[in-house]
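Enquirer: Fit chain B to the supplied structure of chain A, relying on the hints for placement.
Just so you know, the protein sequences line up as chains A and B, in that order.
FYI, this note's numbering numbers position 9 of the first sequence as 9, with every residue one higher than the one before it.
FYI, this note's numbering numbers position 183 of the second sequence as 183, with every residue one higher than the one before it.
Calculated directly from the structure, the hints in this document are not laboratory data.
Computed from a predicted structure; not experimentally measured.
It cannot be assumed that every hint is accurate.
[As the list claims (entries may be wrong)] Between beta-carbon pairs, the in silico distance windows are: (1) B:L25 with A:V415: 25 to 33 Å; (2) B:G164 with A:V415: 26 to 34 Å; (3) B:R133 with A:V415: 44 to 52 Å; (4) A:D140 with B:G121: 54 to 62 Å; (5) B:G84 with A:D451: 54 to 62 Å; (6) B:K137 with A:E540: 51 to 59 Å; (7) A:E262 with B:A200: 22 to 30 Å; (8) A:E242 with B:F168: 37 to 45 Å; (9) A:E262 with B:E228: 46 to 54 Å.
A virtual CB, placed ideally from N, CA and C, is assigned to each residue, including glycine.
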Amino acid sequence: MQIRKKMLGAAAIGVSAVLAVSACSPPQDGSSGDAESSVTWIVNQPGGGWNHNAPEGGSVYVIQMLHDILPVTGFWNPEGQWEWNTDLIANTPELIEGDQVSWEYQINPDANWSDGEPIDADDFVWQWKMNSGDGELCSDGCNSRGSTLESLIESVEGSEDGKTVTVTLKEDAQFPGWFTFGVDGLYPAHVAAAEGMDLDTPEGMRESSDFFNANPVTVSGGPYIYEGTPALDGRVVKVANEEYYGEAPGIQEIILEVNTEEGSWVPALTNGEVQGSSPATWSDDVITQLEGQENVDFGIASGGSWEHVDLNVQSDLLSDTALRQGIFTAIDTANIATRTYGEKFPEIEPRTNHVFSTTSEFHEDVLTPTGQGTGDAEAALELLEEAGYELNGDSLESDGEAVPALRLRYTAGHVAREIIAELIQADLAEIGITAEIETTDDLGGTLAEADYDLMIYGWSTTPDFYGSPHQYWHSESGSNFGGYENDEVDELVDAALNSSSPEESAEAANEAATLVAEDAYVLPIVDTPAYFFYDTSFIEGVSDNHAQSRRALWDQTEWAAVE
Amino acid sequence: MLVYTARRLAVAIPVLLAASVLVFLMVDLSGDPLAELRLQQPPPSPEAIADAEARYYLDRSIPERYWLWMTGIGGNGDIGLLQGQFGPSVRGVAFDIGTQLSSSIYVTIRLVTAAVIAALGLAVLSGVVSAMRQYSKLDYTLTFIGFLALAMPTFWLGALIKEGGLWFNQTTGTGFFYTIGANSARVSNMTGWEYFLDSAGHLVLPTITLMLTSFASWSRYQRTSMLEVLNSDYVRLARAKGVPNRVVVRRHALRTALIPLVTVATIGIVAIIEGVVITETIFQWRGLGYFFIEAVKAQDAFAIMSWLMLSGTLVVIANLVADILYGVLDPRIRYE
Chain A
1 MQIRKKMLGA
11 AAIGVSAVLA
21 VSACSPPQDG
31 SSGDAESSVT
41 WIVNQPGGGW
51 NHNAPEGGSV
61 YVIQMLHDIL
71 PVTGFWNPEG
81 QWEWNTDLIA
91 NTPELIEGDQ
101 VSWEYQINPD
111 ANWSDGEPID
121 ADDFVWQWKM
131 NSGDGELCSD
141 GCNSRGSTLE
151 SLIESVEGSE
161 DGKTVTVTLK
171 EDAQFPGWFT
181 FGVDGLYPAH
191 VAAAEGMDLD
201 TPEGMRESSD
211 FFNANPVTVS
221 GGPYIYEGTP
231 ALDGRVVKVA
241 NEEYYGEAPG
251 IQEIILEVNT
261 EEGSWVPALT
271 NGEVQGSSPA
281 TWSDDVITQL
291 EGQENVDFGI
301 ASGGSWEHVD
311 LNVQSDLLSD
321 TALRQGIFTA
331 IDTANIATRT
341 YGEKFPEIEP
351 RTNHVFSTTS
361 EFHEDVLTPT
371 GQGTGDAEAA
381 LELLEEAGYE
391 LNGDSLESDG
401 EAVPALRLRY
411 TAGHVAREII
421 AELIQADLAE
431 IGITAEIETT
441 DDLGGTLAEA
451 DYDLMIYGWS
461 TTPDFYGSPH
471 QYWHSESGSN
481 FGGYENDEVD
491 ELVDAALNSS
501 SPEESAEAAN
511 EAATLVAEDA
521 YVLPIVDTPA
531 YFFYDTSFIE
541 GVSDNHAQSR
551 RALWDQTEWA
561 AVE
Chain B
1 MLVYTARRLA
11 VAIPVLLAAS
21 VLVFLMVDLS
31 GDPLAELRLQ
41 QPPPSPEAIA
51 DAEARYYLDR
61 SIPERYWLWM
71 TGIGGNGDIG
81 LLQGQFGPSV
91 RGVAFDIGTQ
101 LSSSIYVTIR
111 LVTAAVIAAL
121 GLAVLSGVVS
131 AMRQYSKLDY
141 TLTFIGFLAL
151 AMPTFWLGAL
161 IKEGGLWFNQ
171 TTGTGFFYTI
181 GANSARVSNM
191 TGWEYFLDSA
201 GHLVLPTITL
211 MLTSFASWSR
221 YQRTSMLEVL
231 NSDYVRLARA
241 KGVPNRVVVR
251 RHALRTALIP
261 LVTVATIGIV
271 AIIEGVVITE
281 TIFQWRGLGY
291 FFIEAVKAQD
301 AFAIMSWLML
311 SGTLVVIANL
321 VADILYGVLD
331 PRIRYE
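Next up, chain A with everything else stripped away, as it sits in the complex:
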């Protein structure tokens, strides 16, 4: 008994010692610095990889984590206008007249990576090869998520010690968004070379792509630099880069904290543990909590994605254009917009163009002339009766037989889409069509197999719209899930992709959208709003930017600590 007591005592002391040591020894992660002007910002999902060109890294979260670490050629301002990064690019690049389309960058001679190596043509070449999709430049597609622009480039050449970079497109190629080359950030090619990778070989390039995906960059070409070891699923600490060649940021340290539990955000904000966020997901609950807070500023605006309902035109029933037009006319998009997001964002409006939101300079209302989205059941029935349908009691009939029930699907657990589905179901009941609501746990699979009659889902909105119409509607696009085919639209979306200027591209995109609206293939419903918030007792100068993935972090160098 006595021995057992001693053993228990020793065990207790041991456990206590371990606990005490683990509790009292701060882990050394190599970080240091002044916490006085430090801001902790919530990122609402983890990232998957450090290479933003790769599929795992191509998320808004990773782009936010890499922001102001990787040098960029330019950016979209909140109005959706392109601005060059004048810290890095000394000239205003313009298209050069010649047999092939080309342009030139003059890199700031003082622009260096934080280890003293120059930011030069090699970094631009790496970006091109990474996304070229050419197996001779990088093996197996380089694990790139794909880029139309880079695939059209024939060469990227450096001169004058690599500080002048000339980009030339392939023969007969043109691209309206040529200026967006390097918009998400350039990687330090010299770091990969120093790791022993031969970037002149496809294998070496591929190795470097995987290397930059698995490891955070250790150097910086922007106003901030990582401190310690940043974690894609945890915490990323950025401190001011003392070697930066531009103006120093106002906030010394920005900590990005991955926090997936939105219920914890406002209490943490109130408690001073975090200072703000611009989450990628909408939440009525969080906004309700924010409304009651002092020293908190928050804003809501139409965000970076839009909801729509697609019809599966491959089904026998929905191959009838008149039926599709009747369905879309019966759906009341204004009511849907109000009922989904209107409580917290009364300014919300229905979307009236597939490619451009109302704030875009290229926006044209392609829906109103068709009467679609008005929720006008009488007009819908008129259209249908003209096409031979007849409302018999509560049921729409064709040739004396009731129109079969349609399968209306959306992603399980998506609150807004659930509301949209229920409202569409009610609207369609007005014209005698039964919509049976079904959810899916596998949106990608359901779309790919076209396992639906009507599908509610979202696409992202970006000022870099040039490839979107092609992706949505081209008869050979893998994302044209409903199987829409229209030769004229194919030509127009090709033109949108292969034009020389954004204006020309927008004109073709709008023409295509008009035809798609007339054919009643996709009904735009609403731009999903997005919100941001921050603690005004800590920081000032924060503004949201819905034109880019970085959101409110876009001008973090302009933030200032409140005195």
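Expert: Chain B only, in chain A's frame:
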């Protein structure tokens, strides 16, 4: 005893295997983990999708994937439980399941240790007091508190405790309690004492949440067990022989009454480790519960499987330890 232990462990292996097959099937059939990738804009090239499918072994059949995950034979060297590899995570190359799992265990153990120690202490105290003062106002009060804690959903209890911590901070202007994470971001600049305070400030609220949920059931066990012992013949005999009440309770009654709690608590600790999901989510502790939830959200089959095997092994071991402890504490029980 050794034979008994070996036999129990041998029986556990097929149970774990059967559970792993079942869960693997359920996870694998629940959806496409690359669904988000396929919907990216601009759409990833077919090469990129094929690359991802090959990297995560999604181009193999379900039985092949299970075999690979278990043995690693035919894999790329990053998979095979028997080789100490947990497999690639569909959340990306930067996410290493083994590393994440081990750091999650540390975080959860830290939280659970504090909560279990506090819960056991409170449970024993309240159970004994309730039994000694059976049907008194104190007994009724402690019983009410126990049932209240038992009935309260953890997510609500956690939210209430968090609000309480915020109220304390705002009222006192101290900022002692933290509502998210296991530590602040700037720990490397802290002295040992500052780090201790920071850790304690982060630990208190989730510990109270976890403690209350465990304390409630354990205190009921302790009360019942104590009552049974206090009414037994040998305690009556001790009292009849004039042994002081304090000695009767501490030496004769409590030690015997603790036996059921020890075994219940041994299994209960594992249940807490596995059931810490809600508390870790509310307070954003990156422990095993958080690991599991995030793995499920990402349909990360290999991560879920790794978590399952770990928790399954813990349950088997805890049951075994509970049985062995029972034999050690109660000399009447012997294992053949």
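Enquirer: So, for every hint listed, does it hold in this structure?
Expert: Hints, one by one, checked against the model:
1. B:L25 with A:V415: 25 to 33 Å: The hinted range 25 to 33 Å holds for L25 (chain B) and V415 (chain A), with Cβ atoms some 30 Å apart.
2. B:G164 with A:V415: 26 to 34 Å: holds, 29 Å
3. B:R133 with A:V415: 44 to 52 Å: holds, 51 Å
4. A:D140 with B:G121: 54 to 62 Å: holds, 59 Å
5. B:G84 with A:D451: 54 to 62 Å: violated, 40 Å
6. B:K137 with A:E540: 51 to 59 Å: holds, 57 Å
7. A:E262 with B:A200: 22 to 30 Å: holds, 27 Å
8. A:E242 with B:F168: 37 to 45 Å: Once the Cβ atoms are compared, 40 Å apart, the range 37 to 45 Å for F168 (chain B) and E242 (chain A) holds.
9. A:E262 with B:E228: 46 to 54 Å: holds, 48 Å
Hint 5 from the list above is the single one not met by this structure.
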